[in-house]
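**Q** I would like the entire structure built from these sequences, with the hints used as guidance.
Its first residue numbered 0, the sequence shown is counted upward by one per residue in numbering that gives the first Met the number 0.
Since the hints were made in silico from the structure, they are not lab data. Just so you know, not all the hints are guaranteed correct.
The list that follows gives simulated cross-link-like pairs (lysine-lysine, PhoX-like), each with its CA atoms no further than 25 Å apart [stated by the list, open to error]:
1) K30 - K9
2) K47 - K11
3) K24 - K9
4) K47 - K30
5) K333 - K30
6) K228 - K273
7) K19 - K169
8) K24 - K170
9) K47 - K19
10) K24 - K11
11) K161 - K24
12) K281 - K231
13) K161 - K19
Cβ-Cβ distance ranges computed for the label pairs, FRET-style [unchecked claim]:
14) V56 - G105: 16 to 22 Å
15) R107 - R63: 27 to 33 Å
16) A82 - N163: 33 to 39 Å
17) K161 - K47: 28 to 34 Å
18) S305 - L224: 18 to 24 Å
19) D132 - P277: 51 to 57 Å
20) F111 - A134: 21 to 27 Å
21) P253 - A82: 41 to 47 Å
All figures in this text were calculated on a predicted structure; none of them were measured in a lab. In this text, a Cβ means the ideal position worked out from N, Cα and C, and glycines have one as well.
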Amino acid sequence: MLYIEIDLGKLKDNLEKVAKASGKKVIPVIKSDAYRLGDERIARFLSKQGISLMAVVDIREAIRLADAGIDADILILNGIDPADYPLVDRYGNFAITVNSLEEARGLRAYSFKRPVKVHFQIDTGMNRLGFSDIAEYRESYRLIAGNPAFRPEGIYTHFTDKENARLQEKKFAEYIGEQKFECIHCAASITYDSIACGNYIRVGIDLYGAQQNTEQIIRIITKPLAVRKIKKGETVGYDRAYRAQADEIIAVLPIGYYNGFRRSLAGFPVMANKKRFPTVGKVCMNHLFARVDETVDTETEFIITSPELTVSEMASYLNTVPHEILCMLNIADKRYVGE
0 MLYIEIDLGK
10 LKDNLEKVAK
20 ASGKKVIPVI
30 KSDAYRLGDE
40 RIARFLSKQG
50 ISLMAVVDIR
60 EAIRLADAGI
70 DADILILNGI
80 DPADYPLVDR
90 YGNFAITVNS
100 LEEARGLRAY
110 SFKRPVKVHF
120 QIDTGMNRLG
130 FSDIAEYRES
140 YRLIAGNPAF
150 RPEGIYTHFT
160 DKENARLQEK
170 KFAEYIGEQK
180 FECIHCAASI
190 TYDSIACGNY
200 IRVGIDLYGA
210 QQNTEQIIRI
220 ITKPLAVRKI
230 KKGETVGYDR
240 AYRAQADEII
250 AVLPIGYYNG
260 FRRSLAGFPV
270 MANKKRFPTV
280 GKVCMNHLFA
290 RVDETVDTET
300 EFIITSPELT
310 VSEMASYLNT
320 VPHEILCMLN
330 IADKRYVGE
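**A** This is how it looks when you write it as structure tokens:
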């Protein structure tokens, strides 16, 4: 047994907390399969909460959601390849990003059959995507706003970190100037409670509670395949990497690096019976070893992560970010609760 439990009630609580703290409407970021938590189910639930605009990374993600019956507007963050312009025409609920003058010219040259909602991305410091030349942005805006085939709905940027957010906000405001947009939005989640600009905010990881600002919405639960008693001096797993220092009890859990529990997480604890137990030996593709006590048997539930053993702790253990931990998850059995 191995499954991931996704608490939609906590997702709603996090959504409301972010909206209240920021004083803005929320654009949930459900890219990359909603950080591996299931974008269709998450999007459907968010729609029921009144969310009218969500963000994904590319048009393939947007198409999958639209085909699943999601009728909220879907903002595509990466921009659109000209070969995909006909797909924008086919689906009526896509909002597309313009990142450059070249993209604006390409859009202007195509004959769209229905009005297309457009958002302009401004590079205020990430040096990733978006306009970094204000003259090119203004020319792009002129091309788009001057054509009835387009509706220039929004403008946005992405913050690099909390420390530089004020400088980036100032630069962003220079681009906006006196222009009027229905939707002005910023990210990242680390700054949502201190962002002054805009009337919307894009939020990803904090909706799922994998940072300190909100509550984690997932639990990963399993049971041992076996509980083995080993003698002092016996070894466990590949390369005899762990040797028992005394007579010990080892639980063999059906999770491994295939499921996203990386080999570098060896030694990170798991929980059972409200206690933490260390993992030992090398992480296998489909198995994990934990040194446990006599209270554990094959019917004991083990927690791999939960609000009491968080994804943030895992990230700190690996010197990485919670986003990466979530995106590593590969657990087929998803169980949604709290709806």
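**Q** Holds or violated: K47 with K19, Cα cutoff 25 Å?
**A** Since the Cα atoms of K47 and K19 sit roughly 19 Å apart, the hinted pair holds (cutoff 25 Å).
**Q** Below or equal to 25 Å on CA atoms is what counts here, so check K161 against K19.
**A** 19 Å, holds
**Q** Between D132 and P277, does the C-beta distance stay in 51 to 57 Å?
**A** At roughly 54 Å between Cβ atoms, P277 and D132 fall inside 51 to 57 Å, so the hint holds.
**Q** Check the hint pairing K161 with K24 against an upper bound of 25 Å on the C-alpha distance.
**A** 20 Å, holds
**Q** Are the Cα atoms of K228 and K273 separated by 25 Å or less?
**A** Given pair K228, K273 holds - Cα atoms ~21 Å apart, limit 25 Å.
**Q** Does the structure keep K24 and K9 at a Cα separation of 25 Å or less?
**A** It holds: about 18 Å lies between the C-alpha atoms, which stays within 25 Å.
**Q** Quickly compare the C-alpha distance for K30 and K9 to 25 Å and report which way the hint goes.
**A** Holds - the C-alpha atoms of K9 and K30 are around 19 Å apart, at most 25 Å.
**Q** Note whether the CB distance of A82 and N163 lies within 33 to 39 Å or breaks it.
**A** At 36 Å between Cβs, range holds.
**Q** Decide if the proposed pair is consistent with the structure: K47 and K11, CA atoms, cutoff 25 Å inclusive.
**A** 10 Å, holds
**Q** CA of K281 to CA of K231, is that 25 Å or under?
**A** 18 Å, holds
**Q** Run the distance test for K24 versus K170: straight-line Cα separation, threshold 25 Å.
**A** Since the Cα atoms of K24 and K170 sit roughly 22 Å apart, the hinted pair holds (cutoff 25 Å).
**Q** Between K47 and K30, is the straight-line Cα distance small enough, at 25 Å or below?
**A** 19 Å, holds
In the structure shown, no violation is registered for any of the earlier numbered hints.
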